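Protein sequences appear in the order of chains L and Z. Residue numbering for the first sequence is 1 to 351, as defined by this note's numbering. Residue numbering for the second sequence is 1 to 331, as defined by this note's numbering.
Bear in mind the hints are in silico, worked out from the structure with no lab data behind them. Just to be clear, a hint being listed does not mean it is correct.
[Claimed, not checked] Here are some chain L residues the structure puts well away from chain Z; computed CB gaps all over 10 Å:
(1) S48
(2) G102
(3) K119
(4) A162
(5) V176
(6) T266
(7) K267
(8) R287
(9) K297
(10) L308
(11) C318
(12) V334
(13) Q335
[Unchecked claim] The following label-pair restraints were derived from C-beta to C-beta distances:
(14) L:Q41 to Z:Q222: 27 to 35 Å
(15) Z:Q306 to L:Q279: 42 to 50 Å
(16) Z:Q149 to L:Q41: 23 to 31 Å
(17) Z:L195 to L:A154: 53 to 61 Å
(18) L:Y53 to Z:K7: 55 to 63 Å
(19) Z:P60 to L:R134: 24 to 32 Å
(20) Z:N14 to L:K50: 53 to 61 Å
(21) Z:D29 to L:P133: 37 to 45 Å
Since we're looking at a predicted model, the values are computed, not measured. The C-beta atom is built at its ideal place from N, Cα and C for all residues, glycine as well.
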Amino acid sequence: MSNNQQSVVTDKNNGVEESILQVRNLHKRFDISRGFLDSLQLKGGKISRKREYVHAINGVNLEVYKGEALCVVGESGCGKSTVARTIMGLLKPSEGEISFKGQRIDNLSNSQMLPFRRKMQMIFQNPYASLNPRKTITETLEEPVKFHNPRFSAAQVKDKVAEVMLSVGVDPNWGVRFPHEFSGGQRQRISIARALTVEPEFIVADEPISALDVSIQAQVLNLMMDTQQERNLTYLFITHDLAVVEHFGTRVAVMYLGTVCELAATKTLFSTPKHPYTQALMSAIPRLDAKNTAHIKLTGEVPTPINLPSGCVFHGRCPHANERCKIQIPALIVQNDGSQVACHAIEENRL
Amino acid sequence: MSFLEVKNLEVSFNLRGKSLKALQNISFDLERGERLGIVGESGAGKSVAAFAILNLISRPGKITAGEVLLDGQDLSKLSPQEMRKIRGNKVSMIFQDPMMTLNPVFTIGTQMIECLKAHRKISKSNAVKIAIQKLKLVQIPSPEMRMNQYPHELSGGMKQRIIIAIALLMDPALIIADEPTTALDVTIQAEIMALLLDLCESNNVALILITHDLGVVSQVTQKTIVMYAGRIIEQGPTNEIINDAQHPYTQGLINALPQQTLPGEKLNQIRGSMPSLQDIPSGCSFNPRCDFVLDICTKQRPEFTQSGGCSVACHMVKAMKDAEKGHSAYE
């Protein structure tokens with residue numbers, strides 16, 4: 001597995017890529033067992049305790065290179081947000097390692113984590129919920145600056161906040177206002193500004209534009225692309241909107257039920273999607289040229305992550321599944337064009 | 001006479017003694033079995049329009065002018081009792097968020113039977129039969145079991161299917177769907193839209209689809225209305241609007257879609273944002289965001305100009321049409 005991970009090929013021409021974040025064999029389980037007495041069970045004359053887990057992430061390997069935008073796509077419930085939160089240290093992984101610039105960060109204490117929080121920031125999905133309604137914009141933006149730069153004078157803090165507000169296109173004079181006085185797009189700009197105030201190198205954006213209108217989506221995406229160039233940022237971009245991915249992503253990881261089923265450069269993925277799930281996702285994008293009724297219909301729903309299917313997690317909905325798919329879990333295998341696909345059918349050349 | 005005729009509909013909201021017009025001068029008609037899309041950004045008045053058709057505007061809002069004629073009957077003048085007989089019966093509505101639409105403390109079956117019993121005298125066993133038949137229609141696996149389940153036991157896509165099944169219970173002639181797939185994933189969205197389209201086609205049901213996704217509109221509807229700041233700014237056949245939009249706002253909406261730009265390039269955006277109802281710009285309400293402003297745009301509200309099959313409220317389009325006419329007059 002890790003061998004595959006090392007040999008990732010990207011479509012950039014500048015030779016060796018510098019890795020900024022590495023995720024190795026990440027697992028996250030949430031315990032949903034009931035209370036102690038409820039979970040006791042009589043089995044074969046013995047009392048045992050039954051535990052139930054939601055298997056949110058099951059062995060994810062990812063590597064994020066400096067300056068790129070790695071997009072993670074998948075349906076709701078596939079674990080993409082859990083991956084983001086675990087990387088940010090908001091959740092502790094059940095198994096696996098996360099390292100930032102070669103340093104392991106998943107086992108650090110809160111105080112040891114502090115210097116990394118400066119370098120890694122997060123933008124959340126809903127700008128209505130992620131800004132404190134009782135604080136003015138200036139208060140919201142000044143807090144991280146003061147916290148991470150205790151030596152800054154009041155004037156320095158103010159300058160920093162004004163600079164960041166200008167760079168995201170929000171008038172610094174509006175700082176005295178409260179979040180409810182802004183529209184959704186402006187609020188998301190302020191959320192982005194908050195992430196930028198501590199000058200991070202790496203930003204995790206969890207569906208930052210899903211709650212916005214089409215025209216506002218374009219504004220926010222343009223802003224994110226501009227800041228990426230100006231500040232040499234690296235993004236991990238979580239979304240379920242493939243049309244946005246095609247535009248924004250350097251590489252794409254497609255997730256299904258807690259596993260990565262395809263990882264490829266954006267161009268490769270969109271010209272030749274390989275995994276049957278990726279193909280189905282692609283065909284579902286509503287396009288303007290109306291006559292694309294060749295939509296691949298997936299039967300059934302995403303299975304529950306409490307009782308994971310055996311073998312390939314996708315086999316229940318896959319039109320190409322055979323006996324092997326029901327038993328054996330497919331590994332990510334590097335293809336000729338550099339993409340990685342976890343599918344037995346492709347390995348066996350059935351597809 | 002058309003099946004549904006909306007004429008000069010106007011809705012106002014009272015805000016501290018001031019009256020804000022959320023909808024103005026909305027007119028369109030719809031035949032049986034026809035599908036209409038209403039698009040626009042949030043705040044354009046799309047949802048208010050849908051609510052106004054069903055007479056669901058509640059205080060401080062009010063329908064202040066115009067009429068909604070369904071088969072010749074003006075819905076906006078009906079008493080709440082009479083209106084209740086029409087909602088869920090002749091016209092049903094599908095709301096945006098399936099998690100919020102179903103009552104969490106009743107089973108699916110109870111909610112479906114309640115709807116049937118409210119509209120006709122029917123025995124419980126018959127009601128169950130009809131409910132199960134409708135659940136089958138929306139392709140829900142093992143419908144008998146679902147009848148006894150609670151909403152939280154179902155996924156989002158499944159819930160939206162059940163809401164469509166409830167909307168279909170009384171075989172309505174018109175379905176109003178307010179952003180039915182916005183809360184759902186792409187794959188589920190494609191399934192639900194295909195299902196809705198299929199049901200409308202096979203049962204000759206008219207559909208009003210409210211969305212901000214032009215991709216969805218282009219695949220489902222025959223006619224499209226584009227709204228901005230409470231007014232219709234362009235309406236006509238969907239394929240004409242998608243392929244040859246006249247109004248700069250419609251063009252902006254279409255160009256803002258990521259698929260309209262090459263990957264990696266800057267997306268086309270419409271600058272600024274929708275004005276608040278409290279300070280709508282004078283003249284054409286789109287003029288502060290428009291790239292083609294003429295002098296007249298800030299002074300006078302544009303009238304509708306016919307352009308192909310579409311009518312467009314834009315001074316620039318009118319000027320161009322006039323120039324064409326003048327040109328041909330000289331020839």
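Going down the list of hints, with the structure as the test:
The Cβ of S48 (chain L) lies farther than 10 Å from every Cβ of chain Z, with a closest approach of about 27 Å, so its non-interface assignment holds. Every CB of chain Z lies more than 10 Å from the CB of G102 (chain L), the least distance being 29 Å, so the non-interface label holds. Here K119 (chain L) stays apart from chain Z, with its beta-carbon at least about 26 Å from theirs, past the 10 Å limit. For A162 (chain L), the shortest C-beta to C-beta distance to chain Z comes to about 22 Å, beyond the 10 Å cut-off, and the non-interface label holds.
At roughly 19 Å from the closest C-beta of chain Z, the C-beta of V176 (chain L) stays outside 10 Å, upholding its exclusion from the interface. Look at T266 (chain L): its CB is around 7 Å from the nearest CB on chain Z, not clear of 10 Å, so calling it non-interface is violated. At the 10 Å boundary, the C-beta of K267 (chain L) falls inside the reach of chain Z, the nearest C-beta of that chain being 7 Å off. At roughly 6 Å from the closest C-beta of chain Z, the C-beta of R287 (chain L) falls inside 10 Å, breaking its exclusion from the interface.
Taking the minimum C-beta to C-beta distance to chain Z, about 7 Å, the non-interface status of K297 (chain L) is violated against the 10 Å cut. With a minimum CB-CB distance of about 17 Å to chain Z, L308 (chain L) clears the 10 Å threshold, and the non-interface call stands. In this structure C318 (chain L) is separated from chain Z by more than 10 Å, as the shortest Cβ-Cβ distance comes to about 13 Å. Look at V334 (chain L): its CB is around 23 Å from the nearest CB on chain Z, clear of 10 Å, so calling it non-interface holds up.
At the 10 Å boundary, the C-beta of Q335 (chain L) stays outside the reach of chain Z, the nearest C-beta of that chain being 21 Å off. For Q41 (chain L) and Q222 (chain Z), the Cβ-Cβ distance of about 59 Å falls outside the hinted range of 27 to 35 Å, so the restraint is violated. Separated by about 44 Å at the C-beta atoms, Q306 (chain Z) and Q279 (chain L) satisfy the suggested range of 42 to 50 Å. Taken as a hint, the range 23 to 31 Å holds for the pair Q149 (chain Z) and Q41 (chain L), whose Cβ atoms sit roughly 25 Å apart.
The hinted range of 53 to 61 Å is satisfied by L195 (chain Z) and A154 (chain L), whose Cβ atoms lie roughly 59 Å apart. A hinted range of 55 to 63 Å holds for the C-beta pair Y53 (chain L) and K7 (chain Z), which are about 59 Å apart. P60 (chain Z) and R134 (chain L) have their C-beta atoms about 26 Å apart, which keeps the hinted 24 to 32 Å range intact. At about 59 Å, the beta-carbon gap between N14 (chain Z) and K50 (chain L) stays in the expected band of 53 to 61 Å.
One distance hint, 37 to 45 Å for the beta-carbon pair D29 (chain Z) and P133 (chain L), holds here, with the actual separation near 43 Å.
Hints 6, 7, 8, 9 and 14 from the list above are not met by this structure, while the remaining hints are.
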